[in-house]
Structure formats: structure tokens, C-alpha cells
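Q: Chains as they are written, first to last, in the numbering used here: chain A, 102 to 441; chain B, 102 to 441.
No lab work stands behind these hints: they were computed from the structure. Treat the hints with care, as some may be off.
If several chains are the same, the list does not tell them apart, and a pair holds so long as it fits within one copy or across any two.
[Stated by the list, open to error] Derived pair list, reagent style EDC-like, types lysine to aspartate or glutamate, alpha-carbon separation capped at 16 Å:
| # | residue 1 | residue 2 |
| --- | --- | --- |
| 1 | 389 | 399 |
| 2 | 162 | 387 |
| 3 | 441 | 140 |
Number of protein chains: 2
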Amino acid sequence: MNAEQVTGSQNFPPTIRVGVLGFGGLGQAAARLLAPKREMILVAVADQKGYVSRSEGLNIKDCIATYQSQGSVGYLEPHGTLSSNSIQKLIAAAEGVDGYFLALPNLPNNFIASVAQQFIASGWRGVLVDAIKRTSAVEQLLAMKDELCAAGITYMTGCGATPGLLTAAAALAAQSYAEIHQVEITFGVGIANWEAYRATIREDIAHMPGYNTEIARAMTDAEVEALLDQTNGILTLENMEHADDIMLELVGIVERDSVTVGGVVDTRNPKKPKSTNVKVTGRTFEGKISTHTFTLGDETSMAANVCGPAFGYLKAAKQLHNRGIYGLFTAAEIMPQFVK
Amino acid sequence: MNAEQVTGSQNFPPTIRVGVLGFGGLGQAAARLLAPKREMILVAVADQKGYVSRSEGLNIKDCIATYQSQGSVGYLEPHGTLSSNSIQKLIAAAEGVDGYFLALPNLPNNFIASVAQQFIASGWRGVLVDAIKRTSAVEQLLAMKDELCAAGITYMTGCGATPGLLTAAAALAAQSYAEIHQVEITFGVGIANWEAYRATIREDIAHMPGYNTEIARAMTDAEVEALLDQTNGILTLENMEHADDIMLELVGIVERDSVTVGGVVDTRNPKKPKSTNVKVTGRTFEGKISTHTFTLGDETSMAANVCGPAFGYLKAAKQLHNRGIYGLFTAAEIMPQFVK
Numbered sequence: 102m103n104a105e106q107v108t109g110s111q112n113f114p115p116t117i118r119v120g121v122l123g124f125g126g127l128g129q130a131a132a133r134l135l136a137p138k139r140e141m142i143l144v145a146v147a148d149q150k151g152y153v154s155r156s157e158g159l160n161i162k163d164c165i166a167t168y169q170s171q172g173s174v175g176y177l178e179p180h181g182t183l184s185s186n187s188i189q190k191l192i193a194a195a196e197g198v199d200g201y202f203l204a205l206p207n208l209p210n211n212f213i214a215s216v217a218q219q220f221i222a223s224g225w226r227g228v229l230v231d232a233i234k235r236t237s238a239v240e241q242l243l244a245m246k247d248e249l250c251a252a253g254i255t256y257m258t259g260c261g262a263t264p265g266l267l268t269a270a271a272a273l274a275a276q277s278y279a280e281i282h283q284v285e286i287t288f289g290v291g292i293a294n295w296e297a298y299r300a301t302i303r304e305d306i307a308h309m310p311g312y313n314t315e316i317a318r319a320m321t322d323a324e325v326e327a328l329l330d331q332t333n334g335i336l337t338l339e340n341m342e343h344a345d346d347i348m349l350e351l352v353g354i355v356e357r358d359s360v361t362v363g364g365v366v367d368t369r370n371p372k373k374p375k376s377t378n379v380k381v382t383g384r385t386f387e388g389k390i391s392t393h394t395f396t397l398g399d400e401t402s403m404a405a406n407v408c409g410p411a412f413g414y415l416k417a418a419k420q421l422h423n424r425g426i427y428g429l430f431t432a433a434e435i436m437p438q439f440v441k
Numbered sequence: 102m103n104a105e106q107v108t109g110s111q112n113f114p115p116t117i118r119v120g121v122l123g124f125g126g127l128g129q130a131a132a133r134l135l136a137p138k139r140e141m142i143l144v145a146v147a148d149q150k151g152y153v154s155r156s157e158g159l160n161i162k163d164c165i166a167t168y169q170s171q172g173s174v175g176y177l178e179p180h181g182t183l184s185s186n187s188i189q190k191l192i193a194a195a196e197g198v199d200g201y202f203l204a205l206p207n208l209p210n211n212f213i214a215s216v217a218q219q220f221i222a223s224g225w226r227g228v229l230v231d232a233i234k235r236t237s238a239v240e241q242l243l244a245m246k247d248e249l250c251a252a253g254i255t256y257m258t259g260c261g262a263t264p265g266l267l268t269a270a271a272a273l274a275a276q277s278y279a280e281i282h283q284v285e286i287t288f289g290v291g292i293a294n295w296e297a298y299r300a301t302i303r304e305d306i307a308h309m310p311g312y313n314t315e316i317a318r319a320m321t322d323a324e325v326e327a328l329l330d331q332t333n334g335i336l337t338l339e340n341m342e343h344a345d346d347i348m349l350e351l352v353g354i355v356e357r358d359s360v361t362v363g364g365v366v367d368t369r370n371p372k373k374p375k376s377t378n379v380k381v382t383g384r385t386f387e388g389k390i391s392t393h394t395f396t397l398g399d400e401t402s403m404a405a406n407v408c409g410p411a412f413g414y415l416k417a418a419k420q421l422h423n424r425g426i427y428g429l430f431t432a433a434e435i436m437p438q439f440v441k
């Protein structure tokens, strides 16, 4: 217990001690987002080649600089450690971590479920949050619900932008209706260059006709670039397998077939190619058909819309965990809490 | 316990047994909204002059017809009872009610708090939901938090449209931002004639310059009509005292001064005079200023946007109550659950 926790009053709740798994574009954005927070501190990071933890908090600039110059936080002096088994080692080594954000690409498609299994096997108890995308990946986690519960883990799945923020907005919008006919999610993402989000872009390519997660994962950087050259850097995605559908079905709002997700990713321009929004169409108890719309501001980045909600759900899940409520929850059933 | 509960499986959770206090425009809409639900049944109703309860469920058409023809559900045969103290009598008489929706006008401004006190004094345990509007009214309930907790009551306040659905949307939208600068709620309400919502319209008038809740409450119907004649049936409301502000402040999103609520009510046309929306402006962790917008479909009525969320929050609060979580909560901190 650190000094802040000992002196904590109701006005200053104990700091939540957070780890981030994965330190590519998303993991680094998560760390930068955490830097100014008073209610959360970053104490643990793992990437593919190493890990670092420090119970008093990590220097986020140093973590990012080391990763960018040397390829792993494992090179960070004096606490970094290189390891080919970095996640398992970090879980065992890091002390007093309340929750982890899994900023990991889910390649292969069972990777995040396998990480959850490592947490269960380790005996660690706390909060896990992912920003997973595919329906089939959420189904793997659903099958682990009882195990997570028995392990004392409160796991929040699908807690990024979509699924996540937009799914929650759909769940909220549904409240005005007796019956939901359709949920339509459309996103626009603009990034200055694809190399900043190599894994995320591969996950997007995997949704395109003729591709899957195995093919996309095996593509070299040159092959990704060749593909993007053909489309002038634009990826157009339709009828994506996105877990918004199963999450809304699980809470009884709509059958998964009535949920569609599609969008456009511009990998060469940080300006969004279109506004991101979710439209919820239904029938009110009076028999009127109408549509509620939730639209994200165009200036907000994918990183802000994924990492902000992820930590908001982590904070909410910590409150559940404190009350002894464990198991698997989604963004559609819990209200995220604002992290100051 | 009814047959449905005895035979209930995980696929068919026990029916939630609901009471509605107040049976004017809002209370009747709440009853009509409940009629086709499988997960909730209406078992108790009170109005100013009487009450009725039936543990197997009330016939909603009969309740509304009796109220409209005779002025009180107390006339309903064979279970209705006339009483000048209908709420207190109903609380004592109705058996097995899981939760009540307080579809009551808050006139005077401490009326709903006084009803909460009646529940506490009665020894009843369960869920209470209101669609209260004023900041000062929520403050009265906040002061009762410990009492509600000790009484075994899970009370959800501010769970209509605004505050309620739009406040929750603002809380969700805030997740993309490091800092919130402004929350701006604008509503349009259209009703065919003001007599269908006499109490609600008086509450709106109370927000106009030169009026307050006491003045508005004391107005005769003729005086209300004379006022509406002056404005061609339109009420324009600005900088309203609305609890969205304190609710967002309580969850740490923004100080109350940065939340504004205003709108236009057309009392002579069911078409909305403007679209209802909430705009949340903030700064992302990357320093970008942007605005998320949540807009309600124009075809959705005030009744749908108030009563739908109210029962969604009642369902969510029932889950908290089942876990032994009591006290006072707002629409900004709990995700409502869809009621089938």
C-alpha cells in the first residue's frame, strides 16, 4: 500500500494501479493517456520482447522512448527485463496491480483468450479489460465466464470504441424503444501512417474479402504496403465480424443479425474519412418508428475513443471487484466511470 | 411467489413486480409501456385520490379507463380503494412489489423526497426510481442516502429523459476526453394538448422567468391556458435548473456550472419543435477539442424517452438490490438494462 492509499480520504480514493499489456500504437497511447491522471498510475508494461514494472509508478516518457529506440521496454534501466514469455513473467513479477488493459492485437484470434488463461492459472486476482473486436473472440471469453468468476477476476470485454463506447451508446439508445429493429455502426478512422498501428491495420485487413486473421498476420510489412498502395491507403470494410452484435444480443436488446458494423480507414491522413456514429432504429411503445444517433466528434482519434473508454470500464470494474463481483461483463451492461 | 417465478429458469428470469405512483399523463404512459412486457408486470397503482393493487397483475386498460372516466383508480372494482392518503396506504397494502416508478410531479419541490421518507418509514425494501428534474430535489435525496441504505432501498434518481437518458449519454460521451468543457442539453417536446400532461406543463412553467414551483402549482387550468394563449402554446425554456448538472458533477465529469439545459415545448402539436440532443465538448489526451453528439429520433415522444429509461434503470437497480447494494444512485453511474 503506497502513501497515497494510506492517506486517502473519500475525496481522494485510492489510486488504481494499472498495467498495460502490449506496447504498440494502442499501448503507448494508453500510457500517454494515463500520464496526467490522479486516479490511476501505470505500474506495469509488457511487450513482445520484455516487460517492466515499478510499484511506485513508471516513467511513461522513458517507457515510450526505450520502446521506440530499442524495440522493447525490457531494455529500460533499472527495472526492465527481456523475456520471450513477457506476459506470464510480468504477471508473476508485478506487485499490487489492480487491473490490466489488454492493448494486444488478437492475432491469432484466440490470443487474448490465451492471455486470460495465463491470468487464471497465475492465481492473480483483479480486473482485466480488453478492446477485442471479433464476435468469435468474445465467444471464447464467454466460455471462460465461470473460470474467471472462480479465479476472482472481473473481466470486461469489448471495451474500446467499437465494440465498446458505441455498443454502450446503442444499449442506452435502446431504452426509448419497445423493440429494436436495427443497430448500424459506421466508423471513420484516419491515421497519419500505417506503421504507427501495424497490428491494428493487420486486424482490419483480416476483415477484407479474401483475407482472414491467419493471412493478415502472416503478411510482411512490404505486403501490407503493397496492398495499401493499390487502394491509395484506404481500407473499406463492410459487414465486419464485430462483437457489438453478440454484446447487444446478450443483454437482450436485439438479435445479432440486426447489428451491422462497417467503416473506412485512411492510413495516410489523420483526418477521419467519415464521421463515426451508431444509429439505433426501433419502435416505441406507441408504435412510432424512429432512430437515435450517437456521433463522435471528428477531431477525436481512434486512440482517444478506444483507450478512454477502456480505462473508464477498468475503473467501473474495480468497483465491482471491490464488492466481490467477478466474472465476465461487456461494455453494454456496465456504465464506465470517468477517470480523473 | 407466482407460477412464473416458481417455474423460472435462467432463460426466463423472475418477473419484476412493479408499482407506479402517479397516474396522470406520465403514469398512464408508464402503464401502457409495461403492458406487453414479459419481464415486468404492473401490480400496484396510486393516484391522488385512491389506489389499487393486485399481486397477479392489474388490467392496465381497466386502470386507465377508470381513471379517465372517474378520476381515480380507487374506483376500480373489485380491488380499488379511495383514500386521501393513497401512497402510504398502497405501500402498506400491496404485497410483493419489487420496485416503484415515481411518476409524480414534484410539486411542491420536496414532494418526491417526502414520498421516499414514507417508504423508509414503512419498512418496505426494494427499488425506487424517479424522473425528477430539479437539482435541488436531487440534493434533498442525496441527503437521505444513508437512510435509504439502512432501509434496504436501492433508489435511482434522475432516470427519465433529461435528467436520465441524456445525462447517461453525456457520461458515456465523456469517456473519449481527458477533460470536459461543456455539456449542452437541448430538448424539443411536442404534445397534442397540454391537458394530457397538466402537472408536467406546470413544472415547465415553473422554470420561466417570474415563475417558481409555488406559483406554477397554484395556477388554475384557466390561468395556464391564458399563459399558453399568449405564446401560441409554446414554452421556451433556458438555463433551467436541471439535475443533469449535479449528476455529472457527482461522477466527476464536469462542474455543474458547465452543464446547460434548455428547450422548447409545443403544447399544441405532437411534432417536436426541435430535435432533442446532448452535446459533450472536451479535450482529448492528445489536446484536440471536439464534440460528441447524441440525438433522439424526432418520432420518439417524451413518454417513450422518460418511461423507457425509467424501467430500464428499475431493472438494473433490481440487480443491485438482489446483490444487497442499497443507497442512492443516478442515471449517470448505472447502465440501464433493456426490459423485454
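Q: Please flag the earlier hints that this structure goes against, numbers listed from lowest up.
A: none
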